[in-house]
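A.B. asks: Below are the chains, spelled out letter by letter.
4 protein chains.
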Amino acid sequence: MGAAIAVTVWGENWHDRHNEAARRVYPEGMHTAIARGLAGSADLKVRAVTLDQPDQGLPDSVLGATDVLTWWGHVKHADVDDALVDRVQKRVLEGMGLIVLHSGHFSKIFRRLLGTNCSLKWREADEKERLWNLDPGHPVAEGIGEYIELPCEEMYGERFDIPTPDALVFVSWFQGGEVFRSGCCWERGHGRIFYFRPGHETYPTYYNKDIIRVIANACRWARPRVMIADKCPKTEALEPLPPRQPRP
Amino acid sequence: MGAAIAVTVWGENWHDRHNEAARRVYPEGMHTAIARGLAGSADLKVRAVTLDQPDQGLPDSVLGATDVLTWWGHVKHADVDDALVDRVQKRVLEGMGLIVLHSGHFSKIFRRLLGTNCSLKWREADEKERLWNLDPGHPVAEGIGEYIELPCEEMYGERFDIPTPDALVFVSWFQGGEVFRSGCCWERGHGRIFYFRPGHETYPTYYNKDIIRVIANACRWARPRVMIADKCPKTEALEPLPPRQPRP
Amino acid sequence: MGAAIAVTVWGENWHDRHNEAARRVYPEGMHTAIARGLAGSADLKVRAVTLDQPDQGLPDSVLGATDVLTWWGHVKHADVDDALVDRVQKRVLEGMGLIVLHSGHFSKIFRRLLGTNCSLKWREADEKERLWNLDPGHPVAEGIGEYIELPCEEMYGERFDIPTPDALVFVSWFQGGEVFRSGCCWERGHGRIFYFRPGHETYPTYYNKDIIRVIANACRWARPRVMIADKCPKTEALEPLPPRQPRP
Amino acid sequence: MGAAIAVTVWGENWHDRHNEAARRVYPEGMHTAIARGLAGSADLKVRAVTLDQPDQGLPDSVLGATDVLTWWGHVKHADVDDALVDRVQKRVLEGMGLIVLHSGHFSKIFRRLLGTNCSLKWREADEKERLWNLDPGHPVAEGIGEYIELPCEEMYGERFDIPTPDALVFVSWFQGGEVFRSGCCWERGHGRIFYFRPGHETYPTYYNKDIIRVIANACRWARPRVMIADKCPKTEALEPLPPRQPRP
Chain A
-16 MGAAIAVTVW
-6 GENWHDRHNE
4 AARRVYPEGM
14 HTAIARGLAG
24 SADLKVRAVT
34 LDQPDQGLPD
44 SVLGATDVLT
54 WWGHVKHADV
64 DDALVDRVQK
74 RVLEGMGLIV
84 LHSGHFSKIF
94 RRLLGTNCSL
104 KWREADEKER
114 LWNLDPGHPV
124 AEGIGEYIEL
134 PCEEMYGERF
144 DIPTPDALVF
154 VSWFQGGEVF
164 RSGCCWERGH
174 GRIFYFRPGH
184 ETYPTYYNKD
194 IIRVIANACR
204 WARPRVMIAD
214 KCPKTEALEP
224 LPPRQPRP
Chain B
-16 MGAAIAVTVW
-6 GENWHDRHNE
4 AARRVYPEGM
14 HTAIARGLAG
24 SADLKVRAVT
34 LDQPDQGLPD
44 SVLGATDVLT
54 WWGHVKHADV
64 DDALVDRVQK
74 RVLEGMGLIV
84 LHSGHFSKIF
94 RRLLGTNCSL
104 KWREADEKER
114 LWNLDPGHPV
124 AEGIGEYIEL
134 PCEEMYGERF
144 DIPTPDALVF
154 VSWFQGGEVF
164 RSGCCWERGH
174 GRIFYFRPGH
184 ETYPTYYNKD
194 IIRVIANACR
204 WARPRVMIAD
214 KCPKTEALEP
224 LPPRQPRP
Chain C
-16 MGAAIAVTVW
-6 GENWHDRHNE
4 AARRVYPEGM
14 HTAIARGLAG
24 SADLKVRAVT
34 LDQPDQGLPD
44 SVLGATDVLT
54 WWGHVKHADV
64 DDALVDRVQK
74 RVLEGMGLIV
84 LHSGHFSKIF
94 RRLLGTNCSL
104 KWREADEKER
114 LWNLDPGHPV
124 AEGIGEYIEL
134 PCEEMYGERF
144 DIPTPDALVF
154 VSWFQGGEVF
164 RSGCCWERGH
174 GRIFYFRPGH
184 ETYPTYYNKD
194 IIRVIANACR
204 WARPRVMIAD
214 KCPKTEALEP
224 LPPRQPRP
Chain D
-16 MGAAIAVTVW
-6 GENWHDRHNE
4 AARRVYPEGM
14 HTAIARGLAG
24 SADLKVRAVT
34 LDQPDQGLPD
44 SVLGATDVLT
54 WWGHVKHADV
64 DDALVDRVQK
74 RVLEGMGLIV
84 LHSGHFSKIF
94 RRLLGTNCSL
104 KWREADEKER
114 LWNLDPGHPV
124 AEGIGEYIEL
134 PCEEMYGERF
144 DIPTPDALVF
154 VSWFQGGEVF
164 RSGCCWERGH
174 GRIFYFRPGH
184 ETYPTYYNKD
194 IIRVIANACR
204 WARPRVMIAD
214 KCPKTEALEP
224 LPPRQPRP
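Quick mapping for you: the protein sequence lines, in order, are chains A, B, C and D.
Just so you know, we're using my numbering here: the first sequence kicks off at -16 and counts up by one.
Just so you know, we're using my numbering here: the second sequence kicks off at -16 and counts up by one.
Just so you know, we're using my numbering here: the third sequence kicks off at -16 and counts up by one.
Just so you know, we're using my numbering here: the fourth sequence kicks off at -16 and counts up by one.
The shape of chain A in the complex, shown without the other chains (with noise of 0.2 Å):
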């Protein structure tokens, strides 16, 4: 527990390099924007990566030293080589922590885990999302009051088609008259995966303080407790057994 959490902020950036709007908002990026509020808890060591990068950001050397990796893609989900999904969905079953944000959730690696397509509805209209917190016990939500609310979000509605969580943390409404899951956990093999909806790239979402606490509050609850590598072993038995019966 003493150690720093090592997390990697991954970033598609591209709306933050080639949209007008998304510039203005992330000037520097969303996974700056991500990684300095991260960087804000003594106890997160954060490296921020992206997609145009050497290994598209996630060389063995990079993700090998990753306790908790953070997701946010949206136009170029197609671009994310096969082979890196299988290298990360491989770390997440052996016990590193992901978390997937917003447009992530058509992610490849996403889908990947939860075997299902995670689409949902969706509007783009500058209105109101609150967030309420179901789980106030719960180590993703620690700190937060009955709900976040943000002034401007991409609506997202259901059905979203997910495996149910194992915790549902947080539910959304939605000015327009949608609800959504918003704070959705599960344990897939030995790692945990935390689904965080907000975060379109047209709004401030990253700057929020409350929205940064609970991906905060994700990665420690996402850490590693254990990091074990897939067998399917041939096992002697524990107890006698009676001879074997030759065949007829």
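Simulated from the structure, these hints should not be mistaken for lab results.
Among the hints, a few may not be true.
Identical chains blur together in the list; that is why a pair holds if it fits in one copy or across any two.
[What the hints assert, rightly or not] Simulated crosslink set (DSS-like; lysine-lysine; CA at most 27 Å straight-line):
#1 K59 <-> K73
#2 K111 <-> K214
#3 K28 <-> K217
The structure displayed is predicted, hence computed values, not measured ones.
Go by the hints and put chains B, C and D onto chain A.
C.D. replies: What follows is chains B, C and D alone, placed relative to chain A:
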């Protein structure tokens, strides 16, 4: 509820042609034994298909007419086309049922839908298995007593690398000292998935009436309740929203 | 599946006699409105009973012949005999279904079976409720579209102090800004429990066809699959054990 | 995280005074053995109390200062005051942890919080138990290998009448042929509950280092994250609502 449930029994059909011990037990193939067992239920309309057939046994004309698919494979998992796995996954998420049998735990389709390695401990030692019925009210346990005893089976032991099942119906005791979650239910998309452990190719497990009864029960439980194609729609607000502000 | 499901609709029957607004909406009582709505389903055999009747409406002759019990109460929860709560709990654990409606969240039987306070936020303001269907394949949502809209209802808001539901079928959006887990399934013992939020005494909610359809669906889903009396048996070993050593 | 966790070990303390075999194994009482075992962990501040003490060992001054309560009882369950059960339930729902040990499955507090009968099969035959670790990444399994083996224990067998656990950490194999869900986690209100099966009064189970380690781990996992008093507030709308219409 009136219409018969269209069950397709998919078999790898390799051991039961090439392995002497398996051929002796299943001279007409394991898929034939399973299909005949299920065909004893008047509400199931059963067909059997195999890997060697055109389109690996599952052309659209068959898959599209299948309510519940049962899957037994072992040494030929890698031969199953990824495109077929895509099609089966799509249909399960739309609402089709899937019953995965024994060594099918390592099939591409099971791992695809669950997202984990699905690995386990194993041993072939002709030992006794006793499947304890933890949930007698669950539809897949209908008509089953406190346990099912199989005099000779392959052992599968924990830890079984699966997501926590939505329902855990059977847990196995093995003579050699292990336990195993043998009857597991999940929902993915609109489809239901049941994993049922017993059924090694050299034992007459698929002639056991209780084993067949569980598989038939599972076909009833997993029959489609809806068939809904995936979509991710942009949607209009249901409530009045304030006019969008021009971006500065 | 052939036999009709014996549904007993239990009503507190206080507001609908003593409160003018409720009497105007339900002149023959809420229990009568619910029972008539359900009686439109040929597979349900419905009777209505009330708190003021002998044995508070549920003598053994009635309870013992009930497959599914629906429960609406509000201001008279404390009047329900603990011995009746014991009997209902016992029968649910044996296999009977229980549908708890609206203010029944605070009934003795619901709290007894769930073990939590079942408290929530509330407000009476004639506001709009929209129940989103999160699980269209679930039997209690059969025939229901993307949502059910009620023009006027009491608001119930999170946090709802319940154990995590086994299945979450509906989540409500409220005009005033809250969300609520409105359709929740649990299994306790061999029985199934469904909580369904809408149904304040001064609104015509129980005349809404979709609301009645959900309750009828829930009766089908919760009908007994087994009826098993509780036992805690001393049992003989199924496998040979070494002789017990004399205590020193 | 810095402050020690205040653990109160509650013991019925009957067998270990009146039963010769139990006295021989636990001459200073089972509660003392458990408390000493836990006190080996520097982060746990442990006290032991018993049924015969004033307020049955749990006056407000003790209960109100307890972070995690462990509970072992067997033949004196009925002697525990209902008012004490009310107070413990209230504190668990507010956030206190509860660790229920072995025959505590039939305690009033466990049945109260779970809502089911909590019955099971049982046999005293000095047989071997092997607890398989299904979830090595779970905090209660920290430092535990693939299994814990106990040479002599009472047998508890399925069906264990409990709500489906939120997490299933251990499943036991018994020499006589049964299996059992031996390590089960639930959340109720803001509190966490762990049931741990082993610990019959005539076996030295509570001197086993792994058994104590699991209980100590469970105390850490179940320590309060929040303490929130129950409320059911009437609440004002967060969004503008249309004026209420006068009732006709």
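A.B. asks: Does each hint hold? Answer for all of them.
C.D. replies: To see whether the hints hold, each was checked on the structure:
1. Proximity of K59 to K73 under the C-alpha cut-off of 27 Å is found in both arrangements, the shortest distances being 22 Å within a copy and 22 Å between copies.
2. Within a single copy, K111 and K214 get their C-alpha atoms only as close as 47 Å, which misses the 27 Å cut-off; across copies the closest is 24 Å, which meets it.
3. Taking the shortest Cα distances, K28 and K217 never come within 27 Å of each other, neither inside one copy (40 Å) nor across copies (38 Å).
Checked against the numbered hints given earlier, the structure breaks only hint 3 and satisfies all the rest.
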